[in-house]
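K.L.:
What follows is each chain in one-letter form.
Protein chains: 2
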Amino acid sequence: MATWKAQVRVWLKPSVFDPQGRAVEQALHSLGYTGVGEVRIGKYMELRLEAASEAEAAAQVRAMCDAVLVNPVMETYAFSLEPWAKDARAEASA
Amino acid sequence: MATWKAQVRVWLKPSVFDPQGRAVEQALHSLGYTGVGEVRIGKYMELRLEAASEAEAAAQVRAMCDAVLVNPVMETYAFSLEPWAKDARAEASA
Chain E
1 MATWKAQVRV
11 WLKPSVFDPQ
21 GRAVEQALHS
31 LGYTGVGEVR
41 IGKYMELRLE
51 AASEAEAAAQ
61 VRAMCDAVLV
71 NPVMETYAFS
81 LEPWAKDARA
91 EASA
Chain C
1 MATWKAQVRV
11 WLKPSVFDPQ
21 GRAVEQALHS
31 LGYTGVGEVR
41 IGKYMELRLE
51 AASEAEAAAQ
61 VRAMCDAVLV
71 NPVMETYAFS
81 LEPWAKDARA
91 EASA
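Residue numbers (full-length UniProt numbering), protein chains in the order written: chain E, 1 to 94; chain C, 1 to 94.
Extracted from the complex, chain E is given alone in its bound form (with noise of 0.2 Å):
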């Protein structure tokens, strides 16, 4: 068995209106970043576990996905995995 972290982005399809991102981009325009637009906020999550492989983490992932991280309506999401460094969580703040 070895340890993987998985990187999860999630955000909402490009059909539903995102009002979040709508002001985000409103207060960057008014701080003068009049350059961005399409702005779009979704959730970021990381999460370690355990799997005897790759394809196996990735299946379980898509199922965690599938079954309760994701709104399948409005949400589309990818994901990345790599082994669990031991100093992931310290690597994380830097």
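These are computed hints drawn from the structure, not numbers from a lab. Each hint should be verified, as a subset may be incorrect.
Claimed, not checked - In the SDA-like style, the derived pairs of lysine to any residue whose C-alpha atoms are separated by at most 20 Å in a straight line are: (1) E:13 / E:82; (2) C:43 / E:76; (3) E:5 / C:21.
Stated by the list, open to error - According to the in silico footprint, chain E covers these stretches of chain C (three or more CB under 8 Å from chain E): (4) 16-29; (5) 66-76.
The model shown is predicted, which means the values in this text are computed figures rather than measured ones. For glycine and all other residues, C-beta sits at the position ideal for the given N, C-alpha and C.
Using the hints provided, position chain C relative to the given structure of chain E.
P.N.:
Frame of chain E; chain C shown alone:
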């Protein structure tokens, strides 16, 4: 001037308690994903910006994170940049 797509990940520093992450971890355990741990929930942001170079785009993203997108006391962040593809929005929903 070129158009860039920034993907920003914001997450709580390891020293900060993450009640949302704890709740999701417990939900996953109750669904049978007992091999999951250290669930941390943060923000994922995508945005389009205009900049003459990738270095300038990176400087803009850093400035926006430091000014409004990230709480430096509790959060840390990382970002990636890529040229804005015509179908960047369509690609995001694939």
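K.L.:
Does each hint hold? Answer for all of them.
P.N.:
Hints and how they fare:
1. For the proposed pair residue 13 of chain E and residue 82 of chain E, the alpha carbon gap of about 26 Å is over 20 Å, so the pair is violated.
2. Straight-line distance between C-alpha atoms of residue 43 of chain C and residue 76 of chain E comes to about 15 Å, which keeps the hinted pair within the 20 Å bound.
3. Between residue 5 of chain E and residue 21 of chain C, the direct Cα distance comes to roughly 15 Å. Compliance with the 20 Å bound is thereby established for this hinted pair.
4. Remark: the segment 16-29 of chain C is confirmed as covered by chain E, as 5 of its residues place a Cβ nearer than 8 Å to a Cβ of that chain, reaching the required three.
5. Counting residues of the segment 66-76 of chain C whose C-beta sits closer than 8 Å to any C-beta of chain E gives 4, which meets the bar of three, so the coverage hint holds.
When the structure is compared with the earlier hints, a violation turns up for hint 1 alone.
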